[in-house]
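Q: Same order as they appear, the protein sequences are chains A and B. Quick note: the first sequence, position 144, residue 144 per the numbering used here, numbers continuous. Quick note: to get the numbering used here, add 179 to the position in the second sequence (first position is 1).
If you are wondering where the hints come from, they were derived from the structure by calculation, not from laboratory data. There's no promise every hint is true.
Derived coverage of chain A by chain B (criterion: at least 3 residues anywhere in the stretch with Cβ under 8 Å from a Cβ of chain B; other residues may be distant) [what the hints assert, rightly or not]:
(1) 33-47
(2) 137-146
With a straight-line Cα cutoff of 35 Å, these simulated DSBU-like cross-link-like pairs (lysine-lysine) come out [stated by the list, open to error]:
(3) B:LYS223 <-> A:LYS113
(4) B:LYS335 <-> B:LYS223
(5) B:LYS335 <-> A:LYS159
(6) B:LYS335 <-> B:LYS379
Computed far set for chain B versus chain A, every beta-carbon distance over 12 Å [unchecked claim]:
(7) GLY188
(8) CYS207
(9) LYS223
(10) ILE228
(11) ILE240
(12) ALA278
(13) ARG313
(14) GLY346
(15) ALA378
(16) ALA387
(17) LEU401
Since the structure is predicted, the reported quantities are computational estimates derived from the model, not experimental observations. Just so you know, even glycine gets a beta-carbon here, dropped at the ideal spot from N, CA and C.
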Amino acid sequence: MSPLQSILSSSRTMRFEQVVRAYANDLFRYLYWLCRDRALAEDLVQETFARAWAAWEDQRDERAAKAWLYTIARNEHARTYEKKRVDIDPDADLDAILARDTPDPGLAIDLRKAFGQLPEAFREPLLLQVLGGLASSEIAAALGTTEEAVNMRISRARKALRNLLEGAPARERTRETRP
Amino acid sequence: MNCLDFRRGVFANPLQLDAAAREHALACAACAEFLERQRELDTKLYDAIRIPVTDGLADRILVAHNLRRRGRQWLWALAATVVLGAGIAGLAPTLYGHALGREAIAHVQEEPQSFSIVARHASDLLPAALAAQRVKVAAAIGEVTYAQICPMKDFKARHLVVATEHGPVTMLLMPEDHGWRRRSVTAAHGMIAITIPVAKGSIAIVAANEAQALAVERSLVLS
């Protein structure tokens with residue numbers, strides 16, 4: 001390898017490392033909410049970055065790289081489901097949420113339950129917008145649909161979430177969630 | 180815009196309102212409250228779905244793909260020494276710029292209410308604050324919806340949220356920053372910060388994406 005090739009290779013590696021550090025955690029969270037299994041989510045993040053590295057191009061700007069990674073992650077998740085059936089326990093993550101240092105863990109549980117009750121077609125675009133910070137056009141590209149359809153699904157998701165939360169009986173949240 | 184259209188827009192994305200929607204929020208108290216409640220709910224939803232991640236995930240990914248090289252460490256150490264020795268004058272300002280960018284992003288994330296509060300401020304607030312740093316505004320950036328004086332690590336910053344035509348953008352004006360910096364673009368936690376050294380101190384522009392931040396930067400004229 002010539003010195004120039006060595007420098008270019010090093011720059012490519014550094015750029016990729018920056019992207020891994022910037023997005024690994026949120027990709028893990030996104031995948032977790034798709035599969036509800038921490039170990040599987042971590043495997044899928046590993047696979048996502050393996051595929052990304054294999055097809056890495058230095059000219060990708062930060063924003064394009066992010067949307068691209070979410071698309072790869074989504075495809076990896078879909079591929080896993082093609083291979084095997086993954087059972088989801090909707091309350092399996094309760095401990096994880098309780099373990100977080102949230103100002104109102106009771107509300108976090110209510111939100112998580114309400115979020116889990118949303119149809120997947122509504123939940124996923126909302127997840128990509130709120131957690132991933134993707135624009136409607138990027139979500140549409142990742143989901144293979146139109147921007148209008150994405151906005152409609154997200155609107156319905158938020159409306160349903162608000163109805164679920166505001167319709168739920170008030171309760172003493174913090175006392176209920178801590179022994 | 181009527182209330183129904185406004186609320187549809189809020190449900191689609193409460194952080195990306197167009198100019199007509201922002202105008203409607205200023206004129207309609209009920210819709211402004213609706214927007215604020217939705218932004219609060221989004222903040223809480225964001226907190227709820229950000230489950231904890233096991234420490235070192237990024238390191239494990241890099242090691243698994245052999246991107247953190249464990250061999251030839253002496254060679255890398257030598258190369259790093261040479262690079263640092265020869266290029267510190269050129270590199271250090273960039274590194275300090277990135278450090279400020281990361282601090283700016285962390286600050287914005289610690290103050291989520293800055294996006295949920297929509298208040299009317301004097302129209303010359305932003306140009307006047309920028310003029311104090313000897314920066315002019317070439318083109319209107321947008322209305323200031325949030326203004327606070329906030330403590331940063333080493334100095335205070337004027338924390339402004341500006342409703343631009345591309346969405347809300349945070350500007351941290353730091354006239355007391357005397358750091359040795361160069362213009363830097365920093366990405367962290369899904370946000371972008373552009374830090375710019377100006378005649379008096381620095382400015383950090385924090386946005387959801389680089390295009391938003393660049394649009395604001397292009398509106399500034401540095402002396």
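Q: Give a verdict on every hint.
A: Each hint tested on the structure:
With a threshold of 8 Å between beta carbons, the proposed coverage of the region 33-47 of chain A by chain B holds, since 5 of its residues qualify and at least three are required. A stretch counts as covered by a chain when three or more of its residues have a beta carbon under 8 Å from one of that chain; for the region 137-146 of chain A and chain B the count is 0, and the coverage is violated. Our distance criterion of 35 Å between C-alpha atoms is met by LYS223 (chain B) and LYS113 (chain A), whose separation comes to about 13 Å. About 28 Å separates the Cα atoms of LYS335 (chain B) and LYS223 (chain B), which keeps this hinted pair within 35 Å; it holds.
Distance hint between LYS335 (chain B) and LYS159 (chain A) is unfulfilled; the C-alpha atoms sit about 39 Å from each other, more than 35 Å. Under the criterion of a C-alpha separation no larger than 35 Å, the hint pairing LYS335 (chain B) with LYS379 (chain B) is consistent with the structure, at around 13 Å. Residue placement check: GLY188 (chain B) does not keep its beta carbon more than 12 Å from all beta carbons of chain A (closest about 9 Å). Taking the minimum C-beta to C-beta distance to chain A, about 19 Å, the non-interface status of CYS207 (chain B) holds against the 12 Å cut.
Remark: the non-interface label on LYS223 (chain B) conflicts with the geometry, its nearest Cβ contact in chain A lying 6 Å away (cut-off 12 Å). The non-interface label for ILE228 (chain B) is inconsistent with chain A: the shortest C-beta to C-beta separation is roughly 6 Å, within 12 Å. Here ILE240 (chain B) does not stay apart from chain A, with its beta-carbon only about 5 Å from theirs, under the 12 Å limit. No Cβ of chain A approaches the Cβ of ALA278 (chain B) within 12 Å, the least distance being about 15 Å, so the stated non-interface status holds.
Listed as a non-interface residue, ARG313 (chain B) keeps its Cβ farther than 12 Å from every Cβ of chain A; the least gap is roughly 30 Å. At roughly 9 Å from the closest C-beta of chain A, the C-beta of GLY346 (chain B) falls inside 12 Å, breaking its exclusion from the interface. For ALA378 (chain B), the requirement that its beta carbon stay farther than 12 Å from each beta carbon of chain A is met, with the minimum near 28 Å. With 12 Å as the threshold on Cβ separation, the claim that ALA387 (chain B) sits away from chain A is violated: the shortest Cβ distance comes to roughly 5 Å.
LEU401 (chain B), annotated as away from the interface, keeps every beta carbon of chain A farther than 12 Å; the closest lies near 24 Å.
Consistency note: the structure conflicts with the earlier hints numbered 2, 5, 7, 9, 10, 11, 14 and 16.
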